[in-house]
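S.K.: Please take these sequences and the hints and turn them into a complete structure.
If you're matching them up, the sequences are chains A and B in order.
Residue 108 is where the first sequence ends in my numbering, and the numbering goes up by one at each step.
Residue 108 is where the second sequence ends in my numbering, and the numbering goes up by one at each step.
It is possible that part of the hints are untrue.
What the hints assert, rightly or not - Here are the computed lysine to any residue pairs in the SDA-like style, where the Cα-Cα straight-line distance is at most 20 Å:
no.: 1; chain 1: B; residue 1: K22; chain 2: A; residue 2: E78
no.: 2; chain 1: B; residue 1: K75; chain 2: A; residue 2: G10
no.: 3; chain 1: A; residue 1: K75; chain 2: B; residue 2: H12
no.: 4; chain 1: B; residue 1: K75; chain 2: A; residue 2: L101
no.: 5; chain 1: A; residue 1: K75; chain 2: B; residue 2: A76
no.: 6; chain 1: B; residue 1: K75; chain 2: A; residue 2: A13
no.: 7; chain 1: A; residue 1: K75; chain 2: B; residue 2: D18
no.: 8; chain 1: B; residue 1: K75; chain 2: A; residue 2: E78
no.: 9; chain 1: A; residue 1: K75; chain 2: B; residue 2: P4
no.: 10; chain 1: A; residue 1: K75; chain 2: B; residue 2: A13
no.: 11; chain 1: B; residue 1: K75; chain 2: A; residue 2: P106
no.: 12; chain 1: B; residue 1: K75; chain 2: A; residue 2: W15
These aren't lab readings, by the way, just hints derived from the structure by calculation.
2 protein chains.
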Amino acid sequence: MDHPSVICPGDHAVWRADKMGKTTLFQSSRLLVGLNAFEPGQFHALHVHAGMDKLYQVIEGEGLLVLEGREVPMKAGELAVAPDGVPHGIRNASDHRLLVLAILAPAP
Amino acid sequence: MDHPSVICPGDHAVWRADKMGKTTLFQSSRLLVGLNAFEPGQFHALHVHAGMDKLYQVIEGEGLLVLEGREVPMKAGELAVAPDGVPHGIRNASDHRLLVLAILAPAP
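M.R.: Listed below in structure tokens is the structure:
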């Protein structure tokens, strides 16, 4: 996609029956702007990025931000930052689709 | 603010009568997550970041993405990326408040 252009993230979501769907909206060496699409029950397991900060934003639905030893509810419009070295994941424990913007700096 | 924590961006907006209000939600060397709050008529003039990519997302209201020679409407939920070296700005030409998430990688 050419930039700058105005993007409605929901138009670019990829939904998969077998696992979380991923889309890249923008990527450079500095920044990755992606979408993670979770059908009910799907998840992205606890993981860590070395040397990268990650920003999540819920675009549609509601999910659980998975941290070490706890899960924190997030709903559409809310953000969370997992700084370098902080384990994090996402789980869709709801009955509806969950779409999350996932931003990494720098890009992996 | 400690991270990871769930953030509702609208709770952190700073609105100013004289010019665009700015808030920082997260900052590291890699990533700046900020809010730009525009009362009707307020703007952030065309500017360039050297060596940084910028992502805008409209959180509330509608605005104009200012580019060289044109202005592109953006409404709540929409994104735009201004890659390194691409001049960009924002203008609130509406009668309502405009709140924009502004993400820079790396941080200035």
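S.K.: None of the hints should be skipped; say for each whether it holds.
M.R.: Verification of the supplied hints:
1. B:K22 to A:E78: holds (18 Å)
2. B:K75 to A:G10: holds (14 Å)
3. A:K75 to B:H12: Holds, at about 17 Å.
4. B:K75 to A:L101: holds (17 Å)
5. A:K75 to B:A76: holds (16 Å)
6. B:K75 to A:A13: holds (19 Å)
7. A:K75 to B:D18: Violated, because 33 Å separates the two Cα atoms, which is more than 20 Å.
8. B:K75 to A:E78: Holds - the C-alpha atoms of E78 (chain A) and K75 (chain B) are around 17 Å apart, at most 20 Å.
9. A:K75 to B:P4: With Cα atoms ~15 Å apart, K75 (chain A) and P4 (chain B) stay inside 20 Å; holds.
10. A:K75 to B:A13: holds (19 Å)
11. B:K75 to A:P106: At roughly 27 Å apart (the allowed maximum being 20 Å), P106 (chain A) and K75 (chain B) break the hint.
12. B:K75 to A:W15: Since the Cα atoms of K75 (chain B) and W15 (chain A) sit roughly 24 Å apart, the hinted pair is violated (cutoff 20 Å).
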